[in-house]
Amino acid sequence: MKPDISDEAVELWFGPQHVAAHGWATKLTLVGDYIVECDPNAGYFHRSAEKCLEFRNFRQGALIMERLCMPEAFLAEYPYVQAVEKIAEIEVPEKAKFMRTIMMEVSRIHSIQFWWGQLAGELGLFTMVLWPWIDREYTLDAFEELTGSRHAVTYSTPGGVKYDFTDEFLRRLDLAIYHLENHLGKFKDMILKSPTFKARAQNVGLFSTKEALKLGLSGPNIRACDYPMDLRKDAHDPNLKYDQVDWEVPVLVSEEHGSGMCDAYDRMIQRFNEVDVALQIIRGLLPQVPEGPIIDPKVRAKTNRLPAGEAYGRVEGARGISTLWLKTTDKAQTPYRAKIRGPCFNSYYALKHLMPGLRFADFVLVFGSLDPYVGWWDR
Amino acid sequence: MSIWERWLFWRMSILTEVLHVAAATFAREVINKFPDVESKPLNDNGVELITPRTHIRDIVNMIDERFDDAFPELVFGVDLEEGNFEVIYIFWMRSSSLLLQIRIPLQENDLWVDTVSDIFPGFEWHERETHEMFGIDFKGHQDLRLLLLPDELEGQYPLRKSFKTDRSRLEESGLTVPKPKPSPSARPDDKPAKEADSE
Amino acid sequence: MQFEDFINWLNGIPGWLYDVLVWWFNAIWWWINLLWDSIVIIWASMFGNAEVLAYWFKAIVFPGLVFILLGIIFTVWATRKTWGRIQGRRGPYNLGKYGGLQLFADAIKLIGKESIIPKGAKRWMYRFLPSFLLVIVLLPFVFIPWDTDWVIVDLSVSLVLIFAFLTAIPVISLLAGWISGSKYTIIGGFRAANNQFASEIPLVLSTVGPAMLAGSLSVLSIAQVQADSFWFIFLLPLNFVTFLISAVMSVGMVPFDAPVADSEILFGWRTEFSGIWFVMTYFAEFAEMLFYSAMMVTLFFGGFSGPAFLPGIVIFLIKLMIVMFFFIIVTSSFYRLRQDQIVSFSWKYLLPLTILNILIVMFGMAYFGLYIGG
Amino acid sequence: MSKLGTIANSLRILRHVFRRIFKRPFTYFYPWEDRYYPELTRGRHIHVRENCTACSQCVRACPVVAIRIDKEDKKYEKDAALYFDYSRCLFCGLCVQACNFDALFHTPIVDLSADSQEKLIYGPDRITKIEREPLEWRGRKIR
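Line order of the protein sequences matches chains A, B, C and D.
The first sequence runs 1 to 379 under the working numbering.
The second sequence runs 1 to 199 under the working numbering.
The third sequence runs 1 to 374 under the working numbering.
The fourth sequence runs 1 to 143 under the working numbering.
Treat the hints as calculated values from the structure; they're not laboratory data.
Don't be surprised by glycine CBs; every beta carbon is placed ideally from N, CA and C.
Any given hint could turn out to be false.
[Stated by the list, open to error] When the alpha-carbon atoms are kept at most 25 Å apart in a straight line, the in silico SDA-like pairs for lysine to any residue are as follows: (1) D:119 with B:169; (2) A:188 with D:2; (3) A:188 with D:5; (4) A:188 with A:129; (5) A:186 with D:27; (6) A:210 with B:141; (7) B:161 with A:199; (8) D:3 with C:359; (9) D:141 with C:89; (10) A:198 with D:11; (11) A:210 with A:307; (12) A:193 with D:2; (13) A:233 with A:247; (14) C:109 with D:65; (15) A:352 with B:57; (16) D:23 with A:140; (17) A:302 with D:65; (18) D:23 with A:184; (19) D:74 with D:54; (20) A:327 with A:307; (21) A:188 with D:6; (22) C:348 with A:199; (23) A:27 with C:121; (24) A:210 with B:65; (25) A:352 with B:161; (26) D:129 with D:112; (27) B:161 with A:330; (28) C:183 with A:31; (29) A:331 with D:65; (30) A:86 with B:101; (31) A:186 with D:5; (32) A:193 with D:5; (33) D:75 with D:54; (34) A:352 with B:143.
[Said to hold, decoys possible] Cβ-to-Cβ under 10 Å is the rule here; a few derived chain B residues that face chain A: (35) 46; (36) 62; (37) 64; (38) 69; (39) 76; (40) 78.
Please construct the entire structure, taking both the sequences and the accompanying hints into account.
Written out as structure tokens, the structure reads:
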């Protein structure tokens, strides 16, 4: 605690065993109800994913990447696959490209559904925890119908996709989208129009675009400040089909703070825009899925040993830009060095600059509105 | 094309020119200032700058002034065995969709680099993690405590190749021990793949 | 000819059935009276007079302790079942027909569990406070008029005495939070005290309306006044709304949940209590909720007045369930407010409204002769 | 926000909550009722020993080395005994894809709880057949 803070300050650990701390710990220095200093600590979930990646061959690495953030499994495993495809120059069949893009958008919707429940749990309304999670069950059934597992989907591999779209899966996907859509209006009422959420979330956790860029915040957190930074449009990836659908990057001009600032309430509205855009992309791509193979037949031979090289796989995750820097040595079965960047690594660090000045009860809300997931910063 | 349209087209190109800084132009600017920096083009509008460690703060300051939307993505270390290391910085500039990768080769005995966390606070934890995983000291960093590691792994720098992990079931997993060296030229005694497999 | 006999025979059946039922009812009733008289005789032989037995029976068994504890257990069961149905799940179903015995199982398990006293806690106060809290919460139930003659105690100032007990609860919460020794409980305790500033004044002031209309401070007479005239809810709807909101605030249920905010300060001032003490504090919260529902029924919904064919107490219980049902819905539809927002909400909106209520009642009584009370 | 608007919103929220009570709950009584498992579900494995040729590709494909092969224990002329360690297995399906001789399949059985780690290692006797000992709980048959 800095010496100049008055002596009645209390050091409180929002500790690892705390109910709302999903395994992270933050040392808050409180004076009365106000947070004076916030010192986030990480490392309680550290499974050294980067060292493990050095002992997994190129077909198994996506499993580790995916387990870093289960709610967005399709999005989390894709940087590894993209990096391996860049190094090995593997050709991905057309159908696999469409299927990857569609499943990544469905995974984005699933991540937002999960996040609604998590934030409502932190704000004490248990009704709004279970309602989104009921609709999420239909999305998980669609995942299980397609890949065989609800969360650990291991769907895309270097060179294509493992499981094909069956019409039973398409039926379940429509059911999931139907349930999401006709409950969206009810969720908007329950969250955005709820007077207590508005009182709690407005003018809390305010930051501007410049600050967010300097801190490394990306994804919905920065798009809520009316800054259209979206890898799906900026860095177009040839192996994905985001350019086949005309959609706009969902940005939000908050009505109180104008365009350039956003608070917890705007980030919630931004998530609703993200769901609308994701639905628009899914609807645009589903009819365009062509016939044909879903995986390059000789992929096992190509990914057994890779030539020397470096590659940088990037994807626009549901929580921000998640990337993987891969370096391989000549004819080695396993990567030489793999560096994973999680979007929540920076959003957890950003608390150090966002929290001072707010109240103790706002800590849970501000951090919840940045959509934290432990796997990304502890790896 | 009437004069007016040609003028409009010329005006627009300047505007985008200011906005859209090609990778090569920025690399040339850096090289003009620091001749001992070499640059290699990455794929679509990306550039890699290999610099000694003395210029890192100036280059990052140049980035900060030149682009108002520089996004700090990554700082991490790579252990290239036989004592030489690398620290790699990755920036992403959305307006000119430029991916900038700065690589700093370091030697084992004096592993230190100037910190850039005061210019880009987003890098503070990246540098902290690189410090605890590789032992690369970042001079001027506010608190270089352990970020992810438990206390007993304080000085052992686990991500180095010298840090041995449990290899008891390695042969069952069919993976050869990852020991081929990263030397760019192909190794003279290029073992055929089959034989390397059976070790 | 046989046809008419058949019709007569048919017409006779309902009458016959009714007689059988009445016969059975009288037989049972005869047995109960026999039992009751034998107790009275034994009691009289031991202690002299019989009214004391009637009083003890009322105090201990029927509207007294046993009935209230069963009522609390029913409240907890109903709350958990309704929360479940609201959230799209089933609520407890394993023990008993619809999970009825789940509460008894929980209570027995918790009583059997080891109750840990944290290192930093003040030991004897830590053991004493939860039971003291439960006593304080259960005492006001003596004044609730379940039925005209099923009232345990009827004082002329019972309304004031009720709030004398209820204002003590936040003080005990603060004390419990303070002596539990951990930072989270201290914050919870002070939030409970802070919560009282917010909820106490509107709560007490919004009961002034019905008391003035009924012309007396005794809860029983308020209920009786409403029995012969109309219910006060139709006269003072705004008063009912402020009483409901401040009741939710003083119980500390979800929208005003800061003292026991489980995602910020673990379980507020009740974090460290385990085993039997947890049972007591958990019951105290639901007892308080049951009590405020009972108060709403007596003050605004006319207590035991209602359709004639039902006995008074059944009417009271039906209204109690309806009000409690509404209590549960209000508490499971809003996000949690910060402590300073709770206080500013109650001082900015609730307090002026309650004072407005009192003014309305005063002008009503002064100018429109709205004078009902005895 | 206008006061009337707040009250209107609050009432709409109360209406949503009230209407939800009378809808059917989403949960089911788990051990007696169960949900629908698609046939692709990656649950417990079945090892068809007739097709197995002891090539141990599945052992190599497994990221967590959860399969142990014992080549001496032969039932047919060229097969081998597999020991699946379900305390390590991720159910990722890489082994089933690595097997070119259709000797390994997933089954939709996912409730594999056991009270000790040794019981979770499914030897050749248990991995090749799908029957399991009947289970009864609260007087009603589950399996």
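Taking the hints in turn, this is what the structure says about them:
no. : hint             : verdict
1   : D:119 with B:169 : holds, 21 Å
2   : A:188 with D:2   : holds, 18 Å
3   : A:188 with D:5   : holds, 15 Å
4   : A:188 with A:129 : holds, 14 Å
5   : A:186 with D:27  : holds, 21 Å
6   : A:210 with B:141 : holds, 22 Å
7   : B:161 with A:199 : violated, 53 Å
8   : D:3 with C:359   : holds, 22 Å
9   : D:141 with C:89  : holds, 24 Å
10  : A:198 with D:11  : holds, 16 Å
11  : A:210 with A:307 : violated, 40 Å
12  : A:193 with D:2   : holds, 12 Å
13  : A:233 with A:247 : holds, 10 Å
14  : C:109 with D:65  : violated, 43 Å
15  : A:352 with B:57  : holds, 23 Å
16  : D:23 with A:140  : holds, 22 Å
17  : A:302 with D:65  : holds, 22 Å
18  : D:23 with A:184  : holds, 18 Å
19  : D:74 with D:54   : holds, 10 Å
20  : A:327 with A:307 : holds, 10 Å
21  : A:188 with D:6   : holds, 14 Å
22  : C:348 with A:199 : holds, 14 Å
23  : A:27 with C:121  : holds, 23 Å
24  : A:210 with B:65  : holds, 13 Å
25  : A:352 with B:161 : violated, 33 Å
26  : D:129 with D:112 : holds, 15 Å
27  : B:161 with A:330 : holds, 17 Å
28  : C:183 with A:31  : holds, 13 Å
29  : A:331 with D:65  : holds, 22 Å
30  : A:86 with B:101  : holds, 17 Å
31  : A:186 with D:5   : holds, 17 Å
32  : A:193 with D:5   : holds, 9 Å
33  : D:75 with D:54   : holds, 12 Å
34  : A:352 with B:143 : holds, 13 Å
35  : 46               : holds, 8 Å
36  : 62               : violated, 16 Å
37  : 64               : holds, 9 Å
38  : 69               : holds, 6 Å
39  : 76               : holds, 4 Å
40  : 78               : holds, 5 Å
Hints 7, 11, 14, 25, 36 from the list above are not met by this structure, while the remaining hints are.
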